[in-house]
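Those protein sequence lines, which keep their order, are chains P and B. Sequential numbering from 435 applies to the first sequence in this note's numbering. Sequential numbering from 8 applies to the second sequence in this note's numbering.
Between beta-carbon pairs, the in silico distance windows are:
#1 B/102 x P/507: 26 to 32 angstroms
#2 B/74 x P/449: 47 to 53 angstroms
#3 B/22 x P/487: 49 to 55 angstroms
#4 B/61 x P/498: 32 to 38 angstroms
#5 B/46 x P/442: 15 to 21 angstroms
#6 P/493 x B/118: 34 to 40 angstroms
On the chain B side, residues computed to face chain P include the following (Cβ under 10 angstroms):
#7 43
#8 51
#9 53
#10 94
#11 100
#12 105
#13 110
#14 114
What the hints contain is simulated information worked out from the structure, not anything from laboratory work. Backbone N, C-alpha and C define an ideal beta-carbon position, used for all residues, glycine too.
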Amino acid sequence: GAVVSQHPSWVICKSGTSVKIECRSLDFQATTMFWYRQFPKQSLMLMATSNEGSKATYEQGVEKDKFLINHASLTLSTLTVTSAHPEDSSFYICSAPRGGSLHTEAFFGQGTRLTVV
Amino acid sequence: KQEVTQIPAALSVPEGENLVLNCSFTDSAIYNLQWFRQDPGKGLTSLLLIQSSQREQTSGRLNASLDKSSGRSTLYIAASQPGDSATYLCAAYTGTASKLTFGTGTRLQVTL
Chain P
435 GAVVSQHPSW VICKSGTSVK IECRSLDFQA TTMFWYRQFP KQSLMLMATS
485 NEGSKATYEQ GVEKDKFLIN HASLTLSTLT VTSAHPEDSS FYICSAPRGG
535 SLHTEAFFGQ GTRLTVV
Chain B
8 KQEVTQIPAA LSVPEGENLV LNCSFTDSAI YNLQWFRQDP GKGLTSLLLI
58 QSSQREQTSG RLNASLDKSS GRSTLYIAAS QPGDSATYLC AAYTGTASKL
108 TFGTGTRLQV TL
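Model the full structure from these sequences, guided by the hints.
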């Protein structure tokens, strides 16, 4: 299957600082990537759709100024959690469909465990 | 709004048993349904993708079926092994919403 790499796999940061998470498609180009958040023992909640060369589309209730998304190339999307607070602590996962649309198979990164102290 | 439910929430079986995981969705206008495996603290591994025009897909010991009209999909695991222990998630892609909607998952434990 296709490979989507996410980095870092875990990060601990202090309240008020910003954290950047990278998502790369290693063996295919991804015009669209998706960012999810997962709370313990819960399912994945879509946060936003990252579009190469244009603005991200955020789901209702997700603060776009807090969760900055940049999709500067066909293989890289970044999620920056700005001014992080303990309630932002969670598991963040990115996804990219090989064909650019969810009509095709979706592949996921390894996830990033963010802990804000 | 699409809602995806998985039953049971948790399941424990002895090694060697065949088992079935269930996934139901409320909006039958899906383009596809995908089954994933998630190990603790890890990302998702794609297991099987069933397009809306298909009724089932097979990969090794795994077989997934899809019945759009009844809003159901099942994942059949044959001859379960301890290495199959993980959380299994199904996700439906609904075109009108242009996104994957995930179920709550089934936590599977296969014991020796």
